[in-house]
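Visitor: What follows is the residue order along each chain.
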Amino acid sequence: MAQPLRIEPDVQFIRELQAVGGDSLKKCYQCATCSVACPISPADNPYPRKEMIWAQWGLKDRLLSDADVWLCHNCGQCSDLCPRGAKPADLMSAMRNMAYQKLAPCPSIGKWMSSSKGLLILTAIPAVIFAVIWAIMAAIDFGGNFKGSIFPQGEVVPGKIFYGDYTIDPVFILVTIFVVSAFFTGVKNLIKSIGPVGSTMMLGKKKNLLVCLLEVITLEILPHAKFSQCGDNTEEKKFRKYGHMCLLFGFIALAVVTGCFFLGHWLGRIEAFRPIYMEVPLSFANPFKILAQLGMVLLLVGLTLLTVRRKNQDPAKQTSSWYDWYLLGVIWVVALTGMFTQFFRLADWAVLTYIIYYLHLVSVFMLLAYLPWSKLGHLVYRTAAITYIRYMGRK
Amino acid sequence: MSNAILVVGGGFSGLTAALEAAEVGYDVFIVEKSPFLGGRVAQLNKYFPKLCPPSCGLEIQFQRIKKNPRIKFFTQATVSSVAGKAGDYTVKVHIEPRHTAPNSADLGLLASSLTGETDNEFDFNMSRRKALYLSAPFAFPSRYVLDREMVNKDDQIRLAKSAFVDLNENARDIELQVGSIVLATGWKPYDASNLSNLGAGAIANCITNMQMERLASAHGPTNGVIKRPSDGATPKKVAFVQCAGSRDQNHLNFCSYICCMASLKQAAYVREQYPNAEVTIYYIDLRTPGRYENFRNKVTADERISLVKGKVAGLEADEASGDVILEVEDAVRGHKSKVRHDLVVLATGMQPSLAGDANPYGVTVDADGFIVDGEDKGIFAAGCAKQPLDVMRSAQSGTSAALKAIQTVRGR
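Residue numbers (numbering that gives the first Met the number 0), protein chains in the order written: chain A, 0 to 394; chain B, 0 to 411.
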């Protein structure tokens, strides 16, 4: 005879879930409309109905080992049709927010990132770092530019304060190492949690993990395939797909520019690579500069689309959490400060250029250094989860 | 000052309230919007749990009304205004012309000689009727009504020759003096065209539960044979979709109370006619309160009637076969699938008639359209105007409203 299953609800976990965006999960009465409404949930063990009952019952283990939260692309069709206003889409987001908080090491960063209360300290860290750098550069009168003022004199070049070689590159190389190692642990934890318990026998030819990753990137991520399946081609929802596309491709453009510049700048010092040497500011005829401008425009268009969409959301159907607004906010600051630094520099407004550039550095730090604990962490976690799920034979 | 009682609505709760008050000596007026009394019950094939036909309960009520000189009823009548206070109300009533002579002349031959036809709303547009008609064989008053707007030129000539038809009768407005008012305005089936994910009422072989009542009724469009509307085929695999609009904040934010029992009852209709047919009822929670549990056990003992926990959230027509493809997650097994049925019945809920309708009574209705007050003003809600009820409880609430109305007018 089957042993009766004793359910141990984790009440604290339910409260935590409600705090990170799942506040209406208790309204669910398990009608299963959501699982049918979801255009991408599979026939076997579809989501998000099962997640709703696990959340209500506080079944932490089940939820934390549930890969399906990463399959959900948050189109909100389930919440639109939900007869109870239980907002299953919000619960799926909340589960991902929980993952941002718990997967990577340094739990205190996860805690600070989880609500507006942590914003001050998160801002203070880069604000102090770059203020100290600025103070040191002014104190040593770097390059003879300052002449006693806190602002460099002469031609307006942000590099006169934050000279890349000695300030920005070392800081962001450290940030990159920090983020990559955090993601390494985070992804390891993710795979451990969503992987099967015990050993799994795989039938048929085993897929190559790298091939799976390549498939995910080229078949799903770049063409935004899931967004299209989620109904984002319809008039009212296409803001989301195109907004996300603009942001992704904008960031790819900016990453390409930054990466190539970094390589050119450092490798170009070696005699053999002399022709590729690059130095800021790049001329406007430089293809990388043009690509950077394109990236900036894409970011602004994407941000506008996504912000308008979030603003126009029916709060009875879908709500935006702190994680959503933090990410949108930081990207807005990054894009606007980047754009205005360039404008003010060209307009020769020294004081404004330097101040805005300082804010730009602070916001870029806030975007990159906290990546594994922010919503943007989905870039890595979601890709890893979908790749792993594909590897295990589910789509 | 008046001791008379006005009952708005001539359905089961209104009739009960009127009779209870009249039979203990109070004057009662019934104002009914349609041409016949009996309300929604008259449209049913059978009512649960005893599965007797509606003519059985209604006929007794009609007999009691006929015999009781204290009851005066107006059909095709609507209340246009209510003024005054408890014990002293002046009610203006607008009465549309019937165009036929009183005293129940049998105009059947004349009616069948007419050429024009129009959709029959009594059968939820599944049949056609003439401009001169009775809603059902046991209709009360058994006096034909002429739908003046649907009369074509040929028919007009025929009708003008009849001594029992007055094509020129005009609408009237009358005033009633009453001391108390019972509002038994009843319900309407929720409009399936709002259910966009369930085919929006546009799928031929997806009908509502009230349409199923007409299909199964001996006086209905198919003389009681349950057939598919699109091709008249015999259904072999029938699905019932529970909570089609009910318990849904996007539609009716309440449980309509009767639909689970109605679907179980209708599953029995299907199984009674077709020994090989399979029936599946898709539900969120099967609600059969109190002794209705016994009915459920009886019906579900049939092994060809199965229950699946999971709300149907997608319906589409298969144009080639006329079948309906239904999409649902079986929440117990955790499996989502598309299932083919040849006939699908939506258990659409009951929406109070006052929802989105004129409310000249000076009472408050809640967001759903149910009456929530009025008792302090001598106005009492009965039946489904107040909350979703079955026939038995509608009758009880009619009696209760009558008692309160009597207490309001007594001794004045």
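Hints are computed from structural coordinates only; laboratory data are not their basis. Be a bit skeptical, because a hint or two may be false.
Unchecked claim - Below, a list of computed lysine-lysine pairs in the DSS-like style, where the Cα atoms sit at most 25 Å apart:
1. B:K236 <-> B:K71
2. B:K376 <-> B:K71
3. A:K225 <-> B:K66
4. B:K71 <-> B:K235
5. B:K49 <-> B:K32
6. B:K45 <-> B:K187
7. B:K308 <-> A:K26
8. A:K25 <-> B:K308
9. B:K66 <-> B:K403
Visitor: Evaluate each hint against the coordinates.
Guide: Outcome of the hint check:
For the proposed pair K236 of chain B and K71 of chain B, the alpha carbon gap of about 48 Å is over 25 Å, so the pair is violated. For a cut-off of 25 Å, the pair hint linking K376 of chain B to K71 of chain B stands: about 23 Å separates their Cα positions. For the proposed pair K225 of chain A and K66 of chain B, the alpha carbon gap of about 71 Å is over 25 Å, so the pair is violated. At most 25 Å may separate the alpha-carbon atoms for a hinted pair to count; K71 of chain B and K235 of chain B exceed this at roughly 48 Å.
A distance of roughly 29 Å separates the Cα atoms of K49 of chain B and K32 of chain B; the hinted pair therefore is violated under the 25 Å criterion. About 18 Å separates the Cα atoms of K45 of chain B and K187 of chain B, which keeps this hinted pair within 25 Å; it holds. Between K308 of chain B and K26 of chain A, the direct Cα distance comes to roughly 18 Å. Compliance with the 25 Å bound is thereby established for this hinted pair. For the suggested pair K25 of chain A and K308 of chain B, the alpha carbons sit about 19 Å apart, so the restraint of at most 25 Å is met.
The suggested pairing of K66 of chain B with K403 of chain B holds, with an alpha-carbon distance near 24 Å, which does not exceed 25 Å.
Checked against the numbered hints listed earlier, the structure breaks hints 1, 3, 4 and 5; every other hint is satisfied.
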